[in-house]
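Visitor: Dock chains B and C against chain A, hints included.
Chains as they are written, first to last, in my numbering: chain A, 1 to 313; chain B, 1 to 177; chain C, 1 to 749.
Hints should not be assumed to be uniformly reliable.
Unchecked claim - Which chain C residues stay away from chain B? Per the calculated CB distances, all over 12 Å, these:
(1) Ile110
(2) Asp131
(3) Arg166
(4) Gly198
(5) Tyr278
(6) Glu295
(7) Thr393
(8) Gln426
(9) Lys448
(10) Tyr529
(11) Tyr532
(12) Thr548
(13) Glu574
(14) Lys661
Claimed, not checked - Ranges between beta-carbon positions, derived for each pair:
(15) C:Ser42 with B:Glu109: 19 to 25 Å
(16) B:Arg158 with A:Trp258: 46 to 52 Å
(17) A:Glu239 with B:Pro29: 32 to 38 Å
(18) A:Gly251 with B:Lys124: 45 to 51 Å
(19) C:Pro380 with B:Lys124: 40 to 46 Å
(20) B:Lys159 with A:Gly251: 35 to 41 Å
Derived by calculation from the structure, the hints in this document are not laboratory data. The beta-carbon is built from N, C-alpha and C at its ideal position, and this holds for glycine as well.
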Amino acid sequence: MKEELFASGRNIPNIDPYLNIWHWQIPLYLFLGGLAAGIIFFASYFVIRGKEKEMPTTVMWATIIAPIALVLGLGALFWDLKHKLYFWQLYTTIRLSSPMSWGAWTLMAITPFSLIWVASYMKVMIPGWSWKIKLLENYDALLNRQRKFFAWVMLILAIILGVYTGILLSAFNARPLWNTSILGPLFLVSGFSTGLATIMWMSKNKKERKVLARLDLIFIAVELFLIVHLFMGFMAGTEVSTEAARLFLGGEFTVSFWVFVVLLGLIFPAVLESLELWGYHIPVWLPPVLILFGGLMFRFVMVEAGQITRFLY
Amino acid sequence: MRYAMAIDTKKCVGCGDCVVACQTENNVPHGYCRDWIVESVDGTYPSLSLEFRSERCNHCDNSPCVRCCPTGASHIAEGGIVLVTPHECIGCGACIESCPYDARYPHPEGYVDKCTFCIHRVEKGQNPACVEVCPTQCLHFGDLDDPNSEVSLALKDRKWKVLAPEAGTKPQLYFLT
Amino acid sequence: MKTRRDFIKISAVGAGATAVGLSAFGTKRFKFFEPKIEGPVSDEDLTPYPTYCEVCFWKCAGWTYVDKNGRIRKIIGNKIDPHSNGRFCPRGTGGVGMYYDEDRLKTPLIREKNADGTQSFREASWEEALDLVASKMKEVKEKYGPESFGLFNHGTPGAHLEHLLRAYGSESNAEPAFANCRGPRSSAYYSTFGAYIGSPENTDIRDTKCLVLIGSHIGENMHNSQVQEMSAAIDHGATIITVDPRFSTAASHSTHWLPIKPATDIALIMSWIHVLIYEELYNKDFVEKYTFGFEQLKEHVKNMTPEWAYGITDIEPSVIRKTAKEMAGAAPAVVIHPGRHVVWYGDDTQRERAMAILTALLGAWGKRGSLYLAEAVSIPKFPQPEYPEPEWTWKDLHEGKYPLASMGVTTELLKASVPRYNYKHQVKAWLVGGTNLPLSMPDKKLFKEAAEAVEFIAVMDTMPMEVTGYADVILPEATYLERYDPIRSAQNRVPNIALRMPAAEPKYNTKPGWWITKQIGERLGLHDYFNYDDFSEVIDWQLKQLGTSLEEMKKIGVKMFPRKSGPLYLADGEDYKFNTNTGKVELYSVDFADEGFDPMPVYTAHPEPPQNFYRLIYGRAPMHTFSRTSNNPNLADLMSENSVWVNPKVASLWGLKKGQKVWLKNQDDAITSFPVAVRITERIRWDSVYMVHGFGHSDKKLSRAYGKGASDEEMITNVLVDPIMGGTGMRGNFITFLTENPGKEEANL
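Okay, chain A solo, but in the shape it has when bound (with noise of 0.2 Å):
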């Protein structure tokens, strides 16, 4: 019989028997920052293809929530720091390797862009709206009519955005279950879902919530993929990788995984969206609550499986 244990005594609050650093906040702020980068980036894409008028919730609507939902991810954030007063130190320097840096850098820089991106629509959204001041005016402007370009520059920042919301975990190779370079790609397509979900919801037009829950199928397709992936992965790893998936495979994390993650978040709202396709009524609502509800549910699980398994002890 193999025993190993601590014989000093060691039990640090937080530490032990498991990692318990990150709480709520964490995960939350990643799903806030998967669900403003799937909105940015389709209202970004569908500008670009032309489709503005024929998606404008996609490309017009939904796009408030962006900002909202990075503001409320950045206060989660700051409220997990430790160390508040010393926040600021976070933008006296960027440091490539760390994915927290550039990943607070790039929150720095799409947040005021997506409000800006909202800005731009106002006089779309609101008929009658005047910035009054003159120089507001020229930008105003300027964005429509370099809309196309800004559409690129916001595509881009938000595939950074959400392919960092997973890249940020699997940087720590110490935590086994988040040492897989799928989490990257997994994260990043589960923010388009949820990204999707939300507008699907708000939108009001039958033709576009018809190419969103088409879009819809396929990313939860690939979603499904990667989750099947990223499993064989950890079973065809080392000890401490199968010892993760476990926590999955019979573990204390079977039920929340598996019922309300993939389930209920991924293949129940893909088989309600095929039968909207398909003619039968199904309420606008149900779809994009369940897929909002299993992307959360994803990273909470995520971030406090990833946190139980460790190297050594």
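Guide: Frame of chain A; chains B and C shown alone:
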């Protein structure tokens, strides 16, 4: 100059002196520890083996904690010692998540703390507190680049191992077996 | 049930103590009142004060470092001190916790009977408390004679109390260290070699070629210099042979671990003796020149072959022969460690005799790598009149039962306190200092009866330990970091002394032991025995007699002196007269024969655990000293509770899980007050369980220790008394597991 530590598991009795000495020397708050003892038992009675290890931050050559720090508070000081500058630390916890040895902890004051190899003593030519106090003298510290340093001599004729080498961090704590 | 003396947990006074607010440190969170401490302080900014540690009995000398604000920061060993060689053990390093523990006794307390019939402690001034103790001492002297005032003591607090008691006219004292710990080896080695082993033991481990540990768990018992020397021995490639039913730390670092069946050690040792004699491996020169009784011994062990021992001990004959040969090959540089806590099965003096005989056969006495000839500095006595001669002493208390006991037997002192035992000499009152009797004495029923029977108990302690709950007066002593104490002079290779001086003023309203005893002494009219104003005068006078001074000692802490008694080792073929009846090392003990005991050890089988029961074996942890340190904040961090070690086979039989809390019940239906966590480990045999001693505290005022782990002492109700010196064998108790809460009222001790 590359500081490192060797721990002779043939002599360690797991008494925890290194833990207390570090706490009184460095004012570690109660409930927290910068170093700790791991007891590892293997076999079936009466064919047994027992190993005590005095563990702490490994001051890795390829330290993930320094890489992932967004503010640069986690940095490498002289001799490869990994340190945290408290007033630059925002308490984000990324370094804690990135350490495969779970060597870091959040200090109650907010910043992240860990073993410093007693750099305030090493600078003056003294040994770290744990090395100084160990009753079995199983801890050896010094400059790996100096062939006559205590740690180099300890490593010379002995078999040794490091913890979790697969993590790829190049730890500088060597356990003599 | 109303008793004369109810056990009062000092929690009853808790609110009062904080309300009185005798100091700003009245609350638990003293940090709020302290200046913020940031990071380490360089040694140059610290002032060192010499001291010697009181956390255990090893008395290592060191330096207490105090910062510019007068705060004690750390304690480091004194490099020239042979007890520590500059390295303190974890208890010593954690000694700062003793000073900072907010649960410390803060002010004198006196027992009061309340209007509703309950009893509680109320705070009192020193005047009142000391007056009360003195008046009671006078009362006992007048009514029964001073001899009827007994003392239970340990360590330097005990030394002050002993001085007071002897000046007062009593020698009725007993230390648990004798009958409940090392007594058997004292009597055994004295009968064999004419010399006590003493403390620190004169074992030349650092130069030995073969170290034999019979049940001794060096490394878990943190006898500082011995752990250090064992480490040095490992470096030199010494052979270490450990005989232990448990895979102790020492066993894991040993060349040979003999997983012996419990209670059979005598058989093993005798068979070793048989092998040495019959295979002619013994040290012929030494035996011929220095020993007496070889022929009798040879005849006696004729049938004690390894094959015979195998059937008893589970150790294979080939292993017995191999290890005997290794010892013989290393002789005379062999240390058969005499052990420390050796009161196991009631025949312990005989087991120690076997070890002494084995030592003699190997010639491992007075040689390098064996037992060296220790010497201590003789501290001159401070001028005082001769102590009065008491009419009877602790020797008479034993009523002739333990003729070979060299110190008072605690259980006899207890029995003499209980009228129904009808002892000729009755003890009517106690002073207690430096020992937590309820957790260290086996047979709690006897202790409770005795505590309730005596008319008065005064306890001097630094912490609200369980024993204080039985006191009529509690005298809060300052810790060793806050007081002067007698000069330390213990036996060693090189005679040396160490100074203890305060590094800080006594906290709260505590006082040093010397002041307390002097105050009581003066109230008793014994001024002549306390002819000084401050104890530092005594120390200075003594040091000047020795050729140094307080000035000098404050700077160096420890001073070595040249040996006066001759070299450290015996020269080859040197003539030497041993302090025994025959002048030789007695393999055949004339003393024992005279008193009607077996002159040579005989193996007797001891009862084995009944079905579903397991023998309780207990021991130490290197970060704790008995029950003394369980509340120390630094040390409680290292180990806050004990666990019961269970073999995996047994665990699966009972369906026990790792960390599961169980209550223990013993063969006499005693149940532990608190549950203890299960540790499933291969390190323990399937017929035994193991626990670290000193946990399961029941005094609520010990905020960190209360209710943590279980007390092994509660399970020790069957006491196997050693007929030779009164030792209390404690390992004849068997426990079973209770997985459900038995719903027992918390033990009222």
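Visitor: Determine for every hint whether it applies to the structure shown.
Guide: Structure-based check of all given hints:
At the 12 Å boundary, the C-beta of Ile110 of chain C stays outside the reach of chain B, the nearest C-beta of that chain being 33 Å off. Residue-level check passed: Asp131 of chain C sits 40 Å from the nearest beta carbon of chain B, beyond 12 Å. The Cβ of Arg166 of chain C lies farther than 12 Å from every Cβ of chain B, with a closest approach of about 36 Å, so its non-interface assignment holds. Here Gly198 of chain C stays apart from chain B, with its beta-carbon at least about 21 Å from theirs, past the 12 Å limit.
Every CB of chain B lies more than 12 Å from the CB of Tyr278 of chain C, the least distance being 28 Å, so the non-interface label holds. At roughly 38 Å, the least C-beta separation between Glu295 of chain C and chain B is larger than 12 Å, which holds for a residue marked as non-interface. Against the 12 Å criterion, Thr393 of chain C stays outside the reach of chain B, whose nearest CB is about 39 Å from its own CB. Every Cβ of chain B is farther than 12 Å from the Cβ of Gln426 of chain C; the closest lies at roughly 45 Å, confirming the non-interface assignment.
The claim that Lys448 of chain C is not at the interface with chain B holds, since no C-beta of that chain comes within 12 Å of its own (minimum 35 Å). No beta-carbon of chain B is positioned within 12 Å of the beta-carbon of Tyr529 of chain C; the least distance is around 39 Å. The claim that Tyr532 of chain C is not at the interface with chain B holds, since no C-beta of that chain comes within 12 Å of its own (minimum 34 Å). Non-interface call for Thr548 of chain C relative to chain B: holds, since the shortest CB-CB distance, roughly 28 Å, exceeds 12 Å.
Against the 12 Å criterion, Glu574 of chain C stays outside the reach of chain B, whose nearest CB is about 35 Å from its own CB. The claim that Lys661 of chain C is not at the interface with chain B holds, since no C-beta of that chain comes within 12 Å of its own (minimum 21 Å). The hinted range of 19 to 25 Å is satisfied by Ser42 of chain C and Glu109 of chain B, whose Cβ atoms lie roughly 21 Å apart. Hint check: Arg158 of chain B to Trp258 of chain A, Cβ distance near 49 Å, so the stated range 46 to 52 Å holds.
With their beta carbons about 34 Å apart, Glu239 of chain A and Pro29 of chain B fall inside the hinted range of 32 to 38 Å. In this structure, Gly251 of chain A and Lys124 of chain B meet the distance hint of 45 to 51 Å, their C-beta atoms being roughly 50 Å apart. Judged by the Cβ atoms, the range 40 to 46 Å given for Pro380 of chain C and Lys124 of chain B holds: they are separated by roughly 42 Å. Between Lys159 of chain B and Gly251 of chain A, the C-beta spacing of about 36 Å keeps the proposed range 35 to 41 Å intact.
Checked against the numbered hints given earlier, this structure breaks none of them.
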